[in-house]
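Protein chains: 2
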Amino acid sequence: MTDTRLTALRTLLDGRWAPVRDEVREQMGRFRPVEAGLSTEEYRARVLDLMGELAATKRPHAGFAPEYGGEGDIGGTVVSFQTLGYGDLSLLVKAGVQWGLFGGAVQVLGTSRHHDEYLRAIMDGELLGCFAMTETGHGSDVQNLRTTATYDPATREFVVDTPEPGARKDYIGNAARDGKMAVVFAQLVTGGDTRGADARSAGASHGVHAFLVPIRDDAGNAMPGITISDCGEKGGLNGVDNGRLVFDHVRVPREALLNRFADVAEDGTYSSSIENENRRFFTMLGTLVRGRISVAGGAGSAAQKALALAIRYGATRRQFADPTTGEEVALLDYRAHQRKLLPALATTYALHLAQEDLVAEMHRIQAPGAVVTDEKAQRDLEYRAAGLKAVATWHATATIQACREACGGAGYLAENLLPQLKADSDVFTTFEGDNTVLLQLLAKGLLSEYGRRVAALGPLGTARFASGVAVEAFAEKTGLTKRRLRAVDPRSPQAQARLIHDRAEHLLASLARRLRPASRTGTDQFDIVNDAQDHLLHASRAHVDTVVYDAIATAVDTVSDAPTRELLAQVRDLHALSVIEADRAWFLEHGRLTVAESRAVSAAVNDLCASLRPHARLLVDAFAIPESWLDCPMLRTP
Amino acid sequence: MTDTRLTALRTLLDGRWAPVRDEVREQMGRFRPVEAGLSTEEYRARVLDLMGELAATKRPHAGFAPEYGGEGDIGGTVVSFQTLGYGDLSLLVKAGVQWGLFGGAVQVLGTSRHHDEYLRAIMDGELLGCFAMTETGHGSDVQNLRTTATYDPATREFVVDTPEPGARKDYIGNAARDGKMAVVFAQLVTGGDTRGADARSAGASHGVHAFLVPIRDDAGNAMPGITISDCGEKGGLNGVDNGRLVFDHVRVPREALLNRFADVAEDGTYSSSIENENRRFFTMLGTLVRGRISVAGGAGSAAQKALALAIRYGATRRQFADPTTGEEVALLDYRAHQRKLLPALATTYALHLAQEDLVAEMHRIQAPGAVVTDEKAQRDLEYRAAGLKAVATWHATATIQACREACGGAGYLAENLLPQLKADSDVFTTFEGDNTVLLQLLAKGLLSEYGRRVAALGPLGTARFASGVAVEAFAEKTGLTKRRLRAVDPRSPQAQARLIHDRAEHLLASLARRLRPASRTGTDQFDIVNDAQDHLLHASRAHVDTVVYDAIATAVDTVSDAPTRELLAQVRDLHALSVIEADRAWFLEHGRLTVAESRAVSAAVNDLCASLRPHARLLVDAFAIPESWLDCPMLRTP
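First to last, the protein sequences are chains A and B. All residue numbers for the first sequence refer to this note's numbering, where the first residue is 1 and numbers rise by one. All residue numbers for the second sequence refer to this note's numbering, where the first residue is 1 and numbers rise by one.
I should point out that these hints are in silico values taken from the structure, not numbers from a laboratory. Every residue, glycine too, gets a C-beta built ideally from N, C-alpha and C. Among the hints, erroneous ones may be present.
To be verified - Quick list of simulated restraints, FRET-style, between CB atoms:
#, chain 1, residue 1, chain 2, residue 2, range
1, A, T325, B, S273, 30 to 40 Å
2, A, E327, B, R514, 34 to 44 Å
3, A, L457, B, A487, 50 to 60 Å
4, B, D3, A, P163, 35 to 45 Å
5, A, P19, B, I528, 15 to 25 Å
Unchecked claim - EDC-like cross-link-like pairs, simulated, lysine to aspartate or glutamate; straight-line CA separation at most 20 Å:
#, chain 1, residue 1, chain 2, residue 2
6, A, K180, A, D217
7, B, K444, B, D531
8, B, K444, A, D322
9, B, K58, B, E126
10, A, K444, A, D141
11, A, K444, B, D322
Claimed, not checked - Away from chain A, derived, C-beta distances all over 10 Å, residues of chain B:
#, residue
12, G52
13, A65
14, C231
15, G409
16, P419
17, S448
Make the full structure from the sequences, and use the hints.
The following block contains the structure:
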């Protein structure tokens with residue numbers, strides 16, 4: 001008899017795109033898992049084959065526009081990507097490069113001339129491509145890429161060039177072996193020198209734009225003027241062929257510019273629907289938010305798989321006898337073992353639900369025919385994606401590490417899947433945006449929004465607000481905050497929400513105050529911001545905590561089956577209280593928890609670990625990871 | 001002109017065994033680094049070659065007894081192992097298996113008949129061997145291994161047998177490919193059934209003993225009755241051939257028993273110089289403490305190398321422009337980047353110095369002719385080794401991960417060394433004793449010692465002591481502790497020492513109080529201890545923090561050069577304050593820090609990061625890692 005809670009939890013977790021998830025699960029179950037011990041070249045070939053199998057399912061088509069045979073199902077595409085994360089992560093990433101980054105850029109940055117020519121071949125996996133943005137010297141600061149694309153009106157061509165070693169395109173997926181074409185991001189220059197070493201000195205630079213550049217001919221040889229090299233072995237994802245591209249005055253036709261937001265006329269006249277260069281750049285980047293959201297989702301699946309493996313192992317592997325009974329005790333019955341895995345499991349649930357909300361919001365804004373066109377909604381989505389990607393990928397890295405260790409020597413053997421999961425997902429923390437940089441991006445967004453809120457108060461309101469903040473700061477220093485008077489029951493969702501939200505607000509308000517001097521001219525802006533960098537990152541993380549908490553707290557209320565709701569409420573409690581516990585110094589320092597309450601939080605985390613332990617297996621089973629992708633010797637050996 | 005501080009720091013870090021370190025550095029500089037992209041079999045072959053080169057240096061001989069051509073330099077052997085940790089970690093581990101575990105067991109558990117026959121061949125690397133302790137079903141709880149060695153007086157042989165699948169020897173280094181012999185740990189049974197499936201049922205079991213068992217003939221084939229299999233690819237260390245051994249009633253002569261502590265007469269009479277089976281087992285295990293100390297040292301070297309790579313990269317790689325100057329800023333000038341690397345660097349210094357103390361103490365106790373023979377010193381050494389191994393290996397894992405991320409995409413490429421460092425060192429947290437289990441072992445030791453101290457007070461003293469503890473507990477609950485009256489200056493070593501020691505003592509005392517009910521019969525011991533498990537682990541970690549802090553604090557006082565002392569004092573401060581910062585919730589909860597003081601600790605960590613930043617390169621250069629082992633493209637590219 002199936003536990004009804006299993007069905008109810010699975011329904012909740014699968015959410016709106018449940019049919020997509022089921023379809024991908026079924027397809028993946030048919031893919032033969034990648035063999036162990038392949039050489040890098042064999043592994044790459046194997047993943048390329050899988051790309052073909054994946055294309056044949058037509059699943060990757062769904063995200064593209066209906067005019068070209070797609071379904072315009074933006075949300076479903078991200079969810080299907082996420083579900084692929086239960087399997088081989090090289091396939092996940094190579095599929096992401098092909099259909100998400102390369103295909104996505106052609107779709108959202110290009111116009112019908114590009115769509116007509118390339119979209120079908122891209123969808124079918126016949127035209128494999130690269131997303132050539134990152135350079136050796138510029139990864140996070142993509143606005144300052146050094147590659148140039150200089151328009152030559154004489155031949156109506158762009159000349160793509162790598163002017164210095166640091167401008168080499170680096171870490172580019174699909175480049176080392178399989179890619180035939182690349183979307184190359186370069187500074188668009190008009191009126192510049194198309195032959196010299198420094199195109200930008202003579203001409204006018206219009207900022208970074210994207211160009212379609214063929215990089216290999218049909219025989220697989222590099223196109224003239226392009227030097228392709230191989231990044232070689234990596235820490236993981238060795239089924240993906242990352243490479244480097246160097247351009248020596250490579251000519252492409254004027255039409256190679258992906259011209260949705262800007263164009264160059266035959267005579268070299270530059271035009272754009274977005275006047276401001278900065279805004280134009282961020283509008284272009286903004287359309288690519290899907291990649292970041294997909295990585296957050298992939299990280300979630302990797303963490304879920306690691307937890308499923310470690311919890312199953314911990315429930316069967318026994319070590320040391322109970323002194324009273326003489327029976328050996330299952331690892332998962334030890335509190336220390338529970339502490340390693342169960343709070344991480346609770347947070348994995350909360351992140352999954354927050355991810356589902358994020359995907360739905362993205363779908364609302366980006367799906368064809370979407371009614372939302374305001375910039376603010378788009379910007380908020382980008383900030384939320386940045387924050388969630390950072391927190392979800394760090395969580396995955398830490399969780400998979402904990403799961404590896406929780407399985408001891410068995411967890412270190414490739415046959416038991418955890419080492420590759422760890423190695424493959426490790427780069428998630430620094431690709432598609434370095435996590436630290438993403439949290440800074442989020443902080444910037446939160447600060448602008450905060451500035452607008454304060455400004456909206458008007459002069460009198462601002463003064464009142466400022467004095468209120470000052471009084472609170474004084475009260476905190478003296479330990480006399482009003483909040484202390486409200487006793488905190490750690491198991492009350494109201495108290496959890498208050499603590500988590502209040503911390504985020506306070507960190508943001510105090511950050512805004514601290515950074516105010518940096519807006520004055522003549523100050524050393526860099527030092528002021530740099531000295532507050534840990535405060536800034538803390539504020540961002542605290543904000544993400546509110547988003548994640550709200551997702552699980554809301555989900556609990558939607559569950560109608562009482563036993564399931566009760567179980568999920570405990571998961572919510574464990575997530576919330578382990579978040580609070582990890583930062584309880586802050587709550588103590590700011591008078592939000594008394595010493596007794598702080599200790600009660602730690603005690604409650606321990607109690608929740610004990611009470612969720614019997615349900616741990618059920619909770620990981622609800623992820624519904626195909627059994628064939630969890631099968632490994634450590635779960636078979638008695 | 002060399003900075004005099006560089007020389008002074010290097011002298012301090014190299015310590016007593018500086019000549020050994022220099023010799024190994026020089027030898028390693030001559031070894032050709034292992035090529036990238038080798039298959040597992042090629043890599044294993046390459047490491048085997050390096051084993052030969054290493055044996056030819058005669059360095060591994062030094063740790064063995066002078067009678068057999070060694071130098072009895074126990075400390076120097078561990079230090080030389082540690083220095084090997086700057087190079088290929090597969091070589092480190094394979095050398096550790098051969099000369100540390102296998103050779104070490106023959107030396108310390110065997111007697112002259114074993115020494116005469118095998119030691120020279122082991123030292124020369126002609127006889128490669130395994131240390132077959134861990135079983136699939138029992139790793140941490142080695143006292144309950146299931147492999148049996150049953151004496152058959154009729155033939156004067158032991159019959160070694162694997163009675164159940166879980167008793168298979170697993171993860172055994174040197175077993176899959178190269179080992180000819182194994183030290184096999186098995187339950188010694190006399191009077192048992194030498195042919196049946198359960199030898200122990202009929203006979204008398206005397207606990208776990210070690211036996212020398214040939215596992216391969218000269219042609220490399222498994223010996224009759226032994227099934228050898230390969231653990232296959234691992235998360236790292238793929239130059240080491242880990243394998244599995246299954247014994248089907250394998251007969252070895254009576255002399256195969258490593259009989260230093262116990263023997264079986266021809267007629268089957270068992271005798272031992274240590275009557276108590278439990279004590280006998282732990283005495284045998286205790287002689288093997290060197291492996292654990294070596295792993296702690298190897299982890300330290302891996303962390304140092306990762307920091308050297310990441311700090312060099314962070315000092316040259318620039319990203320985003322300073323808004324005032326327009327110049328791009330070096331990664332290491334960002335506070336967030338400093339926060340990732342510099343506290344870890346400070347703790348790496350402190351751990352290195354604590355490791356040096358530990359090695360010196362081991363040498364004092366174990367070197368031939370050592371005058372220290374008391375059991376307490378040996379036991380204390382084991383506890384200290386357990387604690388330091390756990391803390392040092394977790395520190396290495398976290399630090400290498402942070403270094404990898406701090407180098408972004410470059411840090412994920414194999415050519416830049418960090419991924420392999422991460423993958424290879426990852427298992428250090430769970431082999432040679434699982435870290436969580438080791439911290440429990442330490443806690444057990446600390447509790448016994450604490451019990452003895454309390455008992456030594458006598459009845460009146462105990463009562464006074466108990467009431468003092470009660471008063472303190474009351475004062476803490478009400479927030480009125482006397483300690484709060486002493487203001488804490490975070491930069492004062494006295495204050496640092498007081499905070500770090502006081503926390504360890506308090507955690508231990510309260511743990512002892514909490515566990516007292518478990519000593520009464522009829523209670524549920526398991527639940528009482530299990531409920532306190534996080535408290536117990538916290539107490540152990542806090543104790544290790546005292547040992548590590550004391551090591552660096554003492555070292556600062558020994559430095560005579562004033563600028564060096566000043567620099568090292570800042571390193572000490574950063575280590576101490578980041579330890580306190582990480583656990584400042586505890587200090588707040590227990591009235592050891594006021595809110596203002598707690599915030600001052602965080603502020604001081606930030607200030608120290610800024611003031612140590614200009615010296616970061618100097619601090620990693622003082623590790624004197626051979627340049628050829630740090631050379632990688634990311635440090636060459638402009």
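Exercise for review: For the pair supplied as a hint, B:K444 and B:D531, confirm whether the alpha-carbon distance does not exceed 20 Å.
Suggested key: holds, 16 Å
Review point. If you check the beta carbons of A:E327 and B:R514, does the distance land in 34 to 44 Å?
Key: For A:E327 and B:R514 the Cβ distance comes to about 24 Å; the hint is violated.
Practice item. Classify the label on B:A65 as holds or violated, using whether its beta-carbon is more than 10 Å from each beta-carbon of chain A. Key: holds, 31 Å
Review point. Beyond 10 Å from chain A, beta-carbon-wise, is B:C231?
Key: Since the minimum Cβ distance to chain A is about 6 Å, B:C231 lies within 10 Å and the statement is violated.
Review point. Can the restraint linking A:K444 and A:D141 be considered satisfied, given a maximum Cα separation of 20 Å?
Key: holds, 15 Å
Check your understanding: Does the structure keep B:K58 and B:E126 at a Cα separation of 20 Å or less?
Key -> Distance of about 13 Å is within 20 Å: holds.
Practice item. Test the statement that B:P419 is away from the interface with chain A: the closest C-beta pair must be farther apart than 10 Å. Key: Violated, because the least Cβ-Cβ distance between B:P419 and chain A comes to about 3 Å, which does not exceed 10 Å.
Exercise for review: Could you check that no beta carbon of chain A comes within 10 Å of the beta carbon of B:G52?
Suggested key: Holds, because the least Cβ-Cβ distance between B:G52 and chain A comes to about 26 Å, which exceeds 10 Å.
Review point. Using the C-beta atoms of A:P19 and B:I528, is the stated range 15 to 25 Å upheld?
Key: About 50 Å separates the Cβ atoms of A:P19 and B:I528, which means 15 to 25 Å is violated.
Review point. Quick one, are B:K444 and A:D322 close enough, alpha carbons at most 20 Å?
Key: Since the Cα atoms of B:K444 and A:D322 sit roughly 16 Å apart, the hinted pair holds (cutoff 20 Å).
Exercise for review: For the pair supplied as a hint, A:K180 and A:D217, confirm whether the alpha-carbon distance does not exceed 20 Å.
Suggested key: holds, 7 Å
Check your understanding: Minimum Cβ separation between B:G409 and chain A greater than 10 Å?
Key -> Nearest chain A Cβ is 4 Å from B:G409, so the label is violated.
Checked against the numbered hints given earlier, the structure breaks hints 2, 3, 5, 14, 15 and 16 and satisfies all the rest.
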